[in-house]
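Keeping their order, the protein sequence lines are chains A, B and C.
When you line the first sequence up against numbering that gives the first Met the number 0, it's residues 0 to 477, in that order.
When you line the second sequence up against numbering that gives the first Met the number 0, it's residues 0 to 811, in that order.
When you line the third sequence up against numbering that gives the first Met the number 0, it's residues 0 to 96, in that order.
A portion of the hints provided could be inaccurate.
[Stated by the list, open to error] Only pairs whose alpha carbons sit at most 27 Å apart, straight line, appear in this in silico DSS-like list of lysine-lysine:
1) A:K20 with B:K494
2) B:K317 with C:K29
3) B:K563 with A:K107
4) B:K306 with C:K64
5) B:K494 with A:K473
6) B:K462 with B:K563
7) A:K473 with B:K306
8) A:K252 with B:K480
9) B:K317 with C:K85
10) B:K306 with C:K40
11) B:K317 with C:K64
12) A:K142 with A:K225
13) B:K480 with A:K417
14) B:K306 with C:K36
15) A:K186 with A:K248
16) A:K386 with B:K235
17) A:K252 with B:K479
18) B:K235 with B:K179
19) B:K600 with C:K36
20) A:K357 with A:K386
21) A:K473 with B:K498
22) B:K494 with A:K52
23) A:K22 with B:K474
24) A:K22 with B:K494
25) A:K110 with A:K152
26) B:K498 with A:K186
[Unchecked claim] Far from chain A, by Cβ distances over 10 Å, these chain B residues were calculated:
27) H220
28) V238
29) A258
30) M300
31) R409
32) D455
33) R469
34) D478
35) W485
36) T528
37) A536
38) I593
39) Q622
40) E668
Rather than coming from a laboratory, the hints here were simulated on the basis of the structure.
The beta-carbon is built from N, C-alpha and C at its ideal position, and this holds for glycine as well.
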Amino acid sequence: MDAEETIISKEDLERLLDVDKLKYCNECGICTASCAIAELLEEDYNPRRLLEKIFLNPNNVLASDELWLCAWCYSCYRHCPQALKLPEIFLFMRKSATEHGLMQPLEKALKKIVENVPLPLVTTFVCFHPDRAGLEMEKISEKIERMREEYLKKEKRKRTVKTSGEKIAIIGSGPAGLTVAYESSRKGYGVTIFEALSEPGGMLGKCIPKYRLPKHVLTKEIEFIKNLGVEIRTSVKVGKDLDFKDLWKKGYKAIFVGTGVHKSQKLKIEGRDLKDVVHALDFLWKVNSDKKTEVGRNVVVIGGGNVAIDAAETAIRLGAEEVTILYRRSKEEMPANPWEIKEAEHEGVKIEFLVAPKKILEDNGNVYAVECVRMQLSELDETGRRKPIPIVGSEFIRETDMIILAIGEAPDLEFLPKEIELNENGTIWVNPITMETSLRGVFAGGDVVTGPATVIEAIRDGKRVAESVENYLKSLAG
Amino acid sequence: MSEKQESKPQNGGEEIRIGVYVCHCGLNIAGSVDCDEVAKFAATLPNVVLAKDNRYTCSDQGQEIMKSDIREQKLNRVVVASCSPRLHESTFRKACEEAGLNKYLFEMANIREHCSWVHLHDREAATEKAKDLVKMAVAKVALLQPAEEVEVPINRKTLVIGGGVAGIQASLDLADTGYKVYLVEKEPSIGGMMARIDKTFPTMDCSICILAPKMSDVLHHPNIELLTNSEVVEVKGYVGNFQAKVLKKPRYVTKDCSACNDCTEVCPIIAPNEFDVGLDIRHAIYTPFAQAVPSTYTIDMNLCLNKDNVIVCDKCIKACERQAINFEMKPENVELEIGTIIVAIGADVFDPSVLPNYGYGRHTNVITSLEFERLINAGGPSGGHLIRPSDMQVPKRVAFVQCVGSRTDRNGRLYCSNVCCMNTIKDSLLIKEHWPETEIYVFYVDIRAHGKGFEDLYKRARKEGVKFIRGLPAKILEDKKTHNLWLIGENTLQKELYKMNVDMAVLSIGLEPRRNSEIVQRLLTLSRTQDGFFMEAHPKLRPVDAATGGMFFAGCAEAPKDIKDSVTQASAAAARAGILMAKGKVTVEAITPISYPEKCKACGLCTKVCPYNAITLDKELQQIKIVEAACGGCGTCAAECPFGALTQSHFTDEQILAQIDAVTEYDSEKKIVAFCCNWCAYAGADFAGVNRMQYPPNVRIIRTMCSGRVAPKFVERAFARGASVVLVAGCHPGDCHYINANNHTKDRVERLWKKMEQSGLDKERLQLLWASAAEGERFASKIREIQTIIKRVTPEEIHKAKRVFEKALEGV
Amino acid sequence: MPERIRHAPLGNKKVKQPNAEVHIITDQCKGCGFCIKFCPKKVLEESQEINARGVHPPKILDESKCIICSFCTAVCPDFAIFVVEKPCKEERHIKHD
Ligand SMILES: Cc1cc2nc3c(=O)[nH]c(=O)nc-3n(C[C@H](O)[C@H](O)[C@H](O)COP(=O)(O)OP(=O)(O)OC[C@H]3O[C@@H](n4cnc5c(N)ncnc54)[C@H](O)[C@@H]3O)c2cc1C
Ligand SMILES: Cc1cc2nc3c(=O)[nH]c(=O)nc-3n(C[C@H](O)[C@H](O)[C@H](O)COP(=O)(O)OP(=O)(O)OC[C@H]3O[C@@H](n4cnc5c(N)ncnc54)[C@H](O)[C@@H]3O)c2cc1C
Ligand code: SF4
Ligand code: SF4
Ligand code: SF4
Ligand code: SF4
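Just need the whole structure built from these sequences, with the hints factored in.
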């Protein structure tokens, strides 16, 4: 290629390649195998191959729609033996493409998303993130809606839905449940979603901050699914209002459990029950339900996941003057997505590493400080992480008037029949291929299986489930 | 500095005649340094009577020129500006000697590793730096004194640490040559890793069948003394004359044991057998495996019921007809006098339980390649029947996953472990041999079959129907009901995802440095590379020598390798040790202390800092006494003496001060004066050069043997002469080549910091760096980092320091 | 050997394990507690019962752990405890805890 034709400057590229060690990819394919999009769009997307293309000739990649399909889940990064941050490498390319007005590929990508990803609007906001390359989201979401209508019209003409009488019950209306509903109803099954809360959408509505996902986007998405004929019964908590037996009795032939992880883990330290100590999910929920939420002046968030980051950012947006995240390991170990960490720091959130709380100090029932201890990391443990060990005598006091706890969430699965086996960490065990639980006819997916993950992974699970439910129901029919 | 300065007669009237040779080293130096200009510059320096540049000074031709110049031009000092003295100092010293010049009248300027290679893109600055380096060498060489080396006899005995195949081979070779060998093994039996594996690639020999005869030869060789269950706890001395202490742990079973196994039958204690990675059991009294050498059983006191000399259980005592059990045995301290040491402690295997995606430790049927070796071994826990742990059935589909823990930047090692590819191929063939119907899948990224006969073996595996799939699984998931496994990954050649269902998965784990290598490193003051394996003196030309004289490496201790390479290296190490011992004597470098009794106030400070106790104070005579043969040559005593009554020969105060003065003659406020110890920091800077790590050219390195030689007055002199930053660099604490001399470095630097602080100086201007010989990047980034300090050092600050340290300008 | 052990022994080997019967002559015990203290496998513990001599004699906590070393018999000053070996019905598969 001629020098003139080169769009990406050699220096930029060198910097990118060096910084991200891109040259060290040894083509093991682990990224592709752990990528949800690579499964959803197997024909069209392969992060390893995309990386190789960038390595061989970055300019060619600018014109490829693949560039816009990465869903920023960082699953590849978490698995890659070379710890390559693929989404950030792709972002660099996306930016170059935008700068040079190469928007055709984005259109193509959106079309593929509309046709293959059940919640195209939502995922564009919380996964695909064209905004990070400097694009306007409103325009894109309008475009998506138009594309979806066209696609449906085309599809309706093409196929005649065979209505088999079977009914499927879906517990939980998060992205996993909605995906199963969308796919199954298009296959012609009768679908009912049971949702414990008064609003459908799961985490999408309950906790994901509105600045990430505007309310109207979610509403549109849900309306669309309802219009397909899916029945959503809100304020019905399975286990309380009705149980598995009732579902079987009502004639549901298969049940999908997509109840997510909503139980905040408890911090075992003194002072956790004070009124200025809140759990991140409760905090975010309250903010999202438009209730007036008071936020401290000097907020401390404890934890290191995406939830901690979102809670911290939300606190800043609500007017907290200072927000500090305390995390007990180091930056490399932080489970939050590296990009989100970067963004939060940009917003003014401070993060202190290798610090753990020991005791919350009160004055007349009001929190005024937290006693912390510095940590050091041990050798690698079973989970592939270094265990933090307190450094004796390194205690210090940090003033604060509000503490948000975001130390992890676990599923609440009391309502499940005993036959359904769980994993060591409390999530549901499923056959990894069919997503069937150890109880015949019951399937599970989303966070309740993977533990806290991302929307796109929940959707991937949902799609897998819809397929195996179909196989299962067909096998029942004989 | 253009005019030729007058040569002054020195050293008792003898005229100093210095010859300077500036080497191009092909384009290695000439590529970024103007050698001609440097030579012209050298000619202007005091006492220099001749300065030449030539293409390869180290070539025969180059040396001939030097020799004839020495003879014809009556040179009595020589400077070669070329590569690192660590590489060619001995070459040139020899040439000097051949021309009749005492070899201690020679000095090198390192303008390659420390200059041309690290400033590839700044010819001008590199040339200026080269001039400075030459000037420093010339200043030093003028003050050098002829010296004679002391010869000390060598102890013709060798200590071999580690009884794996490498240690065994080295011991046998040396013993056969006629030297006495002490073989120290920390386990109850020798054999190492090779005793645990089933067959060996590429020949598919039975491993223990070829090893056992050698093990038994070791036991019966009259020249070998085998110390098992033992560990080296202390090593003192120097090449040819080491003293080692070995702690021999009691076996509680005497040599009368006939290995009848009657005792284990009655022992009530059961524990996993480590030799079988816990897949089999053993008792408190046991032998790790049937062919163990020595065959004498051992009692594991952590498990035995008899503690603290209370005989609670006497079952084995009763069962033993030969009355070989003796609970009275005590740990023994064995003291050895040896001349050479061979380190053959092998390597550990990677623990894959840190990779949660592969579920090792959680999924029963995920095993490691080492566990596989025990499973397929006829002497192993399943009697050689390949069974999977969950249900003891023969697996029908087996997957091998390559590069587990190797070639990764995350939770593993960066390097390729060298043996696992071939090991997997071997293992797959072993399965095919006995259970040909088994489906075998090997998931790999590259198959590295580089050795003799390796490719053939690989082809054979392909022919036998082993399926090779390029692309590692991202996860291994378990079916809770059947305990079968799913491997989920991408076939990167087909560019499609696979979900492979298998009965058992074998993780091909890599090799990593022994977890105890740090202890061995400290005991013997060795260096390790960034990977953690022991570092050889030169990767190409002295691959089995340690940088420390008289020590050698064999086997996986130096890097992951297969049996053949381990044995080859062991024989090489034996030969190298043998050469040294055949000579019968070594010369000790003439770098011992020189004392000026008239200045000595008998304060005894020097005796306290000497790591070798080579200086004693005679209280009556009010004098010190130096034992040269015991002196290690660090020079810490000279740095400690407050009265200038001691100095180190070849690194005298005058010589070092002359170097400092040369550096600071002009532009001192832009320069870093660096003192680097020969073994770590200087070598690390060499390493940076070899790897072409670029850093700013304003640093001038002065070499001392140990950072402990750096007297506070050197640092003060540099500041008094206006240096911007002074760097003192040595080995990491604990890695010091002179036992612990660098502890004093730290103390002295801290004292200087305090002084600077009290005088209101920026103490950051004095930097302390610990960098090993492998940490070139650490050195380079330190120099980069220092630039920000230099930027903020104002002329006032420089001036202030000059005043504070004014006193240091006095003397010499 | 330095490897961390991650798998239980395969358990296809059979090992003869002692099959003990511990006898305590309760009323002969004077409550010194030596047997409890010295038993290497912690088979015994103090009971709540009060015997003829007005002390708490030992009781058996877990007989299957006894390895018949008979150390209790040896240390008991009042010959109040002894162990006999019952015939082993079958060789047991080892289980490792
Ligand atoms: C604060 C926050 C921010 C996040 N930001 C992002 C992001 O930017 N991008 C991204 O990709 N992912 C993000 N995630 C993760 C993402 O929201 C989840 O991975 C995803 O929602 C999981 O979907 P799910 O369907 O498995 O479960 P959920 O979304 O949790 O839905 C489960 C639903 O089941 C209902 N339910 C539970 N029990 C019962 C019962 N017994 N009966 C009836 N209904 C029940 C719950 O009320 C809930 O509505 C975020 C998560 C949080 C908490
Ligand atoms: C699973 C596996 C399969 C393999 N298969 C093959 C094969 O088929 N063919 C092949 O050519 N190679 C094979 N190899 C490689 C082979 O095992 C090594 O090359 C060889 O064993 C190295 O021998 P060594 O003597 O250097 O080390 P080791 O065999 O590891 O011996 C080192 C000895 O030193 C002892 N030791 C350690 N520290 C101390 C100390 N501080 N003091 C005293 N003693 C100490 C140890 O106890 C040990 O006995 C395999 C390796 C593995 C892990
Ligand atoms: S996982 Fe990492 S090393 Fe492997 S192919 Fe993907 S980017 Fe390359
Ligand atoms: S970030 Fe997620 S979507 Fe993007 S390439 Fe990686 S795994 Fe795939
Ligand atoms: S004395 Fe120790 S080694 Fe011997 S039988 Fe008893 S427990 Fe086993
Ligand atoms: S030898 Fe093969 S399996 Fe082992 S690290 Fe090297 S490439 Fe990977």
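Hint check:
no.: 1; hint: A:K20 with B:K494; in the structure: 23 Å, holds
no.: 2; hint: B:K317 with C:K29; in the structure: 31 Å, violated
no.: 3; hint: B:K563 with A:K107; in the structure: 57 Å, violated
no.: 4; hint: B:K306 with C:K64; in the structure: 18 Å, holds
no.: 5; hint: B:K494 with A:K473; in the structure: 31 Å, violated
no.: 6; hint: B:K462 with B:K563; in the structure: 25 Å, holds
no.: 7; hint: A:K473 with B:K306; in the structure: 68 Å, violated
no.: 8; hint: A:K252 with B:K480; in the structure: 23 Å, holds
no.: 9; hint: B:K317 with C:K85; in the structure: 20 Å, holds
no.: 10; hint: B:K306 with C:K40; in the structure: 13 Å, holds
no.: 11; hint: B:K317 with C:K64; in the structure: 21 Å, holds
no.: 12; hint: A:K142 with A:K225; in the structure: 21 Å, holds
no.: 13; hint: B:K480 with A:K417; in the structure: 15 Å, holds
no.: 14; hint: B:K306 with C:K36; in the structure: 14 Å, holds
no.: 15; hint: A:K186 with A:K248; in the structure: 23 Å, holds
no.: 16; hint: A:K386 with B:K235; in the structure: 38 Å, violated
no.: 17; hint: A:K252 with B:K479; in the structure: 24 Å, holds
no.: 18; hint: B:K235 with B:K179; in the structure: 19 Å, holds
no.: 19; hint: B:K600 with C:K36; in the structure: 65 Å, violated
no.: 20; hint: A:K357 with A:K386; in the structure: 17 Å, holds
no.: 21; hint: A:K473 with B:K498; in the structure: 23 Å, holds
no.: 22; hint: B:K494 with A:K52; in the structure: 14 Å, holds
no.: 23; hint: A:K22 with B:K474; in the structure: 24 Å, holds
no.: 24; hint: A:K22 with B:K494; in the structure: 20 Å, holds
no.: 25; hint: A:K110 with A:K152; in the structure: 14 Å, holds
no.: 26; hint: B:K498 with A:K186; in the structure: 25 Å, holds
no.: 27; hint: H220; in the structure: 40 Å, holds
no.: 28; hint: V238; in the structure: 36 Å, holds
no.: 29; hint: A258; in the structure: 38 Å, holds
no.: 30; hint: M300; in the structure: 27 Å, holds
no.: 31; hint: R409; in the structure: 5 Å, violated
no.: 32; hint: D455; in the structure: 26 Å, holds
no.: 33; hint: R469; in the structure: 8 Å, violated
no.: 34; hint: D478; in the structure: 6 Å, violated
no.: 35; hint: W485; in the structure: 5 Å, violated
no.: 36; hint: T528; in the structure: 19 Å, holds
no.: 37; hint: A536; in the structure: 30 Å, holds
no.: 38; hint: I593; in the structure: 47 Å, holds
no.: 39; hint: Q622; in the structure: 48 Å, holds
no.: 40; hint: E668; in the structure: 33 Å, holds
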